[in-house]
Amino acid sequence: MKKSLLTLLFFITLYSQSQEKKFNTESVEIDSMIKGTLFTPKEITKKTKLVILIAGSGPTNRSGNQFGGVTNNLKFLSEDLVIKNIAVFSFDKRVIAQIRKGITNDNSMTFDDMITDTENVVNYFKNNKKFKKIIIAGHSEGSLIGMIVAKKTKADGFISLAGAGRPIYEVLEEQLLKQAPYFSKEIKQNIQNYKEGKTFEYKSKDATMMSIFKPSIQPYFISWSKWIPIVEIKKLQIPILIVNGTKDLQVPESDAHLLKDAFPNAKIEIIENMNHLFKETPTEAENIKSYNDGTIPVMPILSEKMAEFINSI
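Residue 741 is where the sequence shown starts when you use my numbering, and the numbers rise one by one after that.
Fair warning: there could be bad hints in the mix.
[Unchecked claim] Straight-line alpha carbon distances no greater than 16 Å define the calculated EDC-like cross-link-like pairs of lysine to aspartate or glutamate that follow:
#: 1; residue 1: K966; residue 2: D852
#: 2; residue 1: K954; residue 2: E972
#: 3; residue 1: K975; residue 2: D896
#: 4; residue 1: K925; residue 2: D946
#: 5; residue 1: K974; residue 2: D946
#: 6; residue 1: K787; residue 2: D946
#: 7; residue 1: K873; residue 2: D896
#: 8; residue 1: K925; residue 2: E910
Since the hints were derived computationally from the structure, they do not count as laboratory data.
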């Protein structure tokens, strides 16, 4: 009986140890609006480097999720990197805190706010001097934010993850004309207004059109439109990695090549069958499904390529 009990306890202990996380996580508050999770290896050394991960557009949290859509892509990527002994900080965009506090106001938010928030994050970690080097990695909209902040804060490296090479008004026009060609005339006119920095009256029964052109969101897109990715990336003088996937429905791989052409010394990785969320989606059905399935892991090759780049800096 004793022997059986000891055997059982041994396997319970073994199972518990196998379930232990191979890394540490810590909640970090940068300020009243910016909170995130710091992923660190079990042992931090003088050589440990930190990746600051910037989310894409919309009300996106530190895991990569939005209200009504769960992907966990940023959470999975953070876990994949920290297992490779690279620390990661992923944070909620300020709109998450605003929603929780019930103080959301589209009119009050601009693209420059996202730049300021990220700059504050980078400076927070630079000031605590815990990590040897800081690399900024921006996803989608976060790519442009990242390259601007990398210049301002003198980061040690920059990674563009599915980042556009064109200004947002060109990307938006392309996406909307594909989704709603029957609105082509007003799409082109409204995009032109964004390009020229003009606000305008707009009402539509179409949810997609309203999400992009409603009056309250216009200041944000106008402020975003003044920044040109291929101009900003040229200002950097640090190692750069540009990543995109062949199944990205939002930012085609041609945008990655635009960034590469603007910064010829950058390393570029085009990952086969990877979509905008870093998931492996060979078919269109799988691609669409991944936008609301938080169980699908990100492709391992992504963290492998990122770690290879980070370790070379």
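So, going through the hints one by one against the coordinates:
1. K966 - D852: holds (10 Å)
2. K954 - E972: Not OK: K954 and E972 at ~28 Å, beyond 16 Å, violated.
3. K975 - D896: holds (14 Å)
4. K925 - D946: Since the Cα atoms of K925 and D946 sit roughly 15 Å apart, the hinted pair holds (cutoff 16 Å).
5. K974 - D946: violated (38 Å)
6. K787 - D946: At roughly 52 Å apart (the allowed maximum being 16 Å), D946 and K787 break the hint.
7. K873 - D896: holds (6 Å)
8. K925 - E910: holds (15 Å)
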